[in-house]
Amino acid sequence: MPPLLDVRNLEVRFFTRDGVVHAVNGVSFRLHEGETLGIVGESGSGKSVTMLSILRLIPQPPGRITKGEVLFQGVDLLKLDEADIRRIRGSKIAMVFQDPMTSLNPVLTIGRQITEVLETHLNMSPREARQRAIELLRMVGIPNAEERLSDYPHQFSGGMRQRVMIAMALACHPQILIADEPTTALDVTIQAQIIDLVKRLRDELGMAIIWITHDLGVVAGLAHRVAVMYAGYIVEEAPVLELYHNPRHPYTLGLLGSLPRLDRRERRRLVSIDGMPPDLLELPRGCPFAPRCPYAIDRCWEENPRLEEIAPQHRIACWVDVTTGRPR
Amino acid sequence: MSRNGQVLLRVENLVKWFPITRGIIFTRTIGYVHAVDGVTFEIRRGETLGLVGESGCGKSTVGRTILQLYRPTRGHVYFDGIDLTQLKGSELRRMRRRMQIIFQDPYASLNPRMTVGQIIAEPLEIHGIARGKEARERVEELLRLVGLNPIFADRYPHEFSGGQRQRIGIARALALQPDFIVCDEPISALDVSIQAQIVNLLQELQERFHLTYLFIAHDLAMVRHISDRVAVMYLGKIVELADRIELYENPLHPYTQALLSAVPVPDPAVEARRQRIILRGEVPSPVNPPSGCRFHPRCPIAQEICKRVEPEWREVRPNHWVACHLAE
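As they're listed, the protein sequences go chains H and C. Quick note: the first sequence uses the working numbering, first residue 1, plus one each step. Quick note: the second sequence uses the working numbering, first residue 1001, plus one each step.
Looking at chain H on its own, in the form it has when it is part of the complex (with noise of 0.2 Å):
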C-alpha cells in the first residue's frame, strides 16, 4: 500500500540577516494509514519547521523550501496553489500546537472559532455547525459543552484549552493530525489526561499521527515509529521498541542515558552528552554530531553520514557501530 504521506529529501533554509540558517536538512520519511510516527529532538532541530513545511506554514521570507517533495496520497503539496493548499490545511491535514493560547483568537468565542471551520470547510449551515461543534467538545471531554461555547479562550484552563484546539483539529475528520509538543506546556497528570484522550480518539477515528516532542517517555507509549532528529536530519528512525530497546545512533543512545528512569530504583550517574547542538548558521562538513559524539572516527569529521537501513526498517545515519565501536 503507498503510504498516506512521503516526504522526500526536505530542505528547509531560512535567509537572515547573520546568514543562512540550515534548518531541515534533506529529511524523508513516510506516514502510513492510521500509524502513530513519533518525531524526537531538541530545540532547533528542525521537527517543527518539517511539520510546518509540510504545510507550507513557515513564514517566507525569510523561510524557503528549498528542496523536496511532499506527497499526499500521491500529490506533492509543495506545487500546489495557495486555494488548494488551504483546502487541505486543516481539513485533510490538522495540527495542534505546544501553546493553545497563541493558537486561538482571544476575541472570538471558543464556539465561533469552531463553527468558522466547519461552514468553511464543509459548507455547514451556522445551525449544523453549532451542533457539530456541541458534539466535538462532548467528544474531547470538555465538560457543560453546550455552555462553554459561548466562552472565549481565557476562559479555559491549559488543558482545557488543549481539549478545545484538538476539537477543532479534528472538526474536519482529518486523515493525518500532526501534534506540535501539544502537551509540553502541561502537567504531567493534564499530559496524562490529553494522551489518554488522543489514543482514543485515534483508535474511534483511525487517523494517523505525527507527534513531535522532546519527551522520549511521552512517544514510548503512543508511537509505532519513532524518529529522532538532530541539526535538521533524522538520524535514527525505527519501530518504537526497536528504538528504545536497541538503539544505534550515538544521539539516541546518548538521549535515553541521560533520562532518570522511575522504574529503576538504583541511582547511576546520568551520561550526559557532552557540548552543545552545532551552529545551524554553519554546519560542519561531517556528520553534525561528530563534536559531541564519543564514538566519532576521523571518517566522521570529513563525511555526513546517509540514513541508511541497517535492519528490516531500522534506519541510522551513522559511519560507526556502536555495539562494537568499530566502523560499520
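No lab work stands behind these hints: they were computed from the structure. Possibly wrong hints are sitting among the right ones.
Chain C side only, calculated, beta carbon under 10 Å to chain H, not exhaustive [said to hold, decoys possible]: (1) L1087; (2) G1089; (3) S1090; (4) R1144; (5) D1191; (6) S1193; (7) Q1197; (8) I1198; (9) A1221; (10) I1245; (11) E1249; (12) Y1255; (13) L1260; (14) E1271; (15) R1274; (16) L1279.
Ideal placement from N, C-alpha and C gives every residue a C-beta, glycine not left out.
Model the placement of chain C on the given structure of chain H, informed by the hints.
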C-alpha cells in the same frame, strides 16, 4: 549524603498568603491566594530534599519563603537553630551568605548589562568578602569549578546557551560558599541532553562542598534521581514525604500514586503494561481551596470524611509521612 546528619533547616507550619486587591486609589484586599498553607519539614546537613508538585502548588513559594525573599504570613524557618523569620537588616544579610538560590529561567535571572565576571563577583562585593584582583581570581576559580572557561568572565549573558547560563547562575550561588542552596527548577528550561550535565554538576558540587539542597521540580524522575528524601505538594500543602525509594515504591497518598502513574517511562515495553490512574478534573484555585482534604474533589477513593475533616499529618511508617485519612 548523610542519613542521620544533624538538622540544618527546620520549617515549621509555614504559611504564605498573597493578598488579592481591588481598586487603585482605595486599595482593599478582597481575598488571599493560599500559596503555602502550613508546611512542616526538616532538611539534614548534606542531604537533598526533593519538593515536587504541579504548577501552582506552592513549591517555589516554599523555597523563596525559606530564604525570606518573601516574608511568611505565619510559621517559622529555623536555619542552624536561628529563626530567620525574626531577623532583619544586617542580621538577616549575614545569614543569607549561607543560603543561596538557583533559578529556573537562566535567561531572566542574569542581568544582561553585566558581564559574567561582574555577576559572579557581585555577591562577593556586597558581602565585603573580596574586591578587585582578589574577586577576579575568585571568579575565575568559580568558572572553572562549574566547567566554564575563565576567559568567559568578560562576556555578557546573551553570548551563552541556556545550559551555560545555568552554570553561571550556579557559580554565582557558590561564590559565598553557602551551606544551603534552593534549586528552583534549575533544569526545567533546558534541553534533555543538557539537563543531565547540570544535574551531574550539582551532584559533584554537593559532594565536594558538602552542600545541602532543596531541589524543587515537577519532573518526578529527575527528583528521585537527585534526592535523598522527597516531599509531594498539592495546593499549598505537603501531602506525603518519605525516603526516595520508599516514596516511589510504596506511595500512600492517592495524589502521589496518580502523579507517579502519569509520568511516562521511556520504554515502550513498560508503557504497554502500565495502568494509568487518570485524575478527574484539574487543580482547584488556591484562592478558595476545597474543604477537608484539598484533594478530595479529584480523589478516586474519597470518602465522606475527606470532604469535612482535614487529614492529619502523620508518620504512618518510620520516616514516611502522609496526610490522608485512608492511608495505612
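Cross-check of the supplied hints:
Because the beta carbon of C:L1087 sits about 35 Å from the nearest beta carbon in chain H, more than 10 Å, this interface hint is broken. Look at C:G1089: its Cβ only gets to about 39 Å from chain H, farther than 10 Å, so that hint breaks. About 41 Å separates the beta-carbon of C:S1090 from the nearest beta-carbon of chain H, more than 10 Å, and the hint is not met. Annotation: interface hint on C:R1144 violated; nearest CB of chain H at approximately 16 Å, more than 10 Å.
For C:D1191, the suggested interface contact is upheld, since its CB lies about 4 Å from the closest CB of chain H, less than 10 Å. Hint status for C:S1193 relative to chain H: holds, with the closest Cβ pair at about 4 Å, below 10 Å. For the restraint placing C:Q1197 at the interface with chain H, the shortest Cβ-Cβ distance is roughly 4 Å, inside the 10 Å limit, so the hint holds. The interface hint given for C:I1198 is met, as the beta carbon of that residue sits about 9 Å from the closest beta carbon of chain H, less than 10 Å.
At its closest, the beta carbon of C:A1221 sits 4 Å from a beta carbon of chain H; the interface hint therefore holds under the 10 Å criterion. For C:I1245, the interface hint holds, since its Cβ comes within 10 Å of a Cβ in chain H; the closest pair sits about 5 Å apart. Because the smallest distance between the Cβ of C:E1249 and any Cβ of chain H comes to about 7 Å, under 10 Å, the interface hint for this residue holds. Given the 10 Å rule on beta carbons, the hint for C:Y1255 holds: about 9 Å separates it from the nearest Cβ of chain H.
Hint status for C:L1260 relative to chain H: holds, with the closest Cβ pair at about 7 Å, below 10 Å. A least Cβ separation of about 3 Å between C:E1271 and chain H falls short of the 10 Å threshold, and the interface hint therefore holds. A hinted interface residue such as C:R1274 counts as satisfied when its beta carbon comes closer than 10 Å to some beta carbon of chain H; here the least separation is about 7 Å, so the hint holds. The interface hint given for C:L1279 is met, as the beta carbon of that residue sits about 5 Å from the closest beta carbon of chain H, less than 10 Å.
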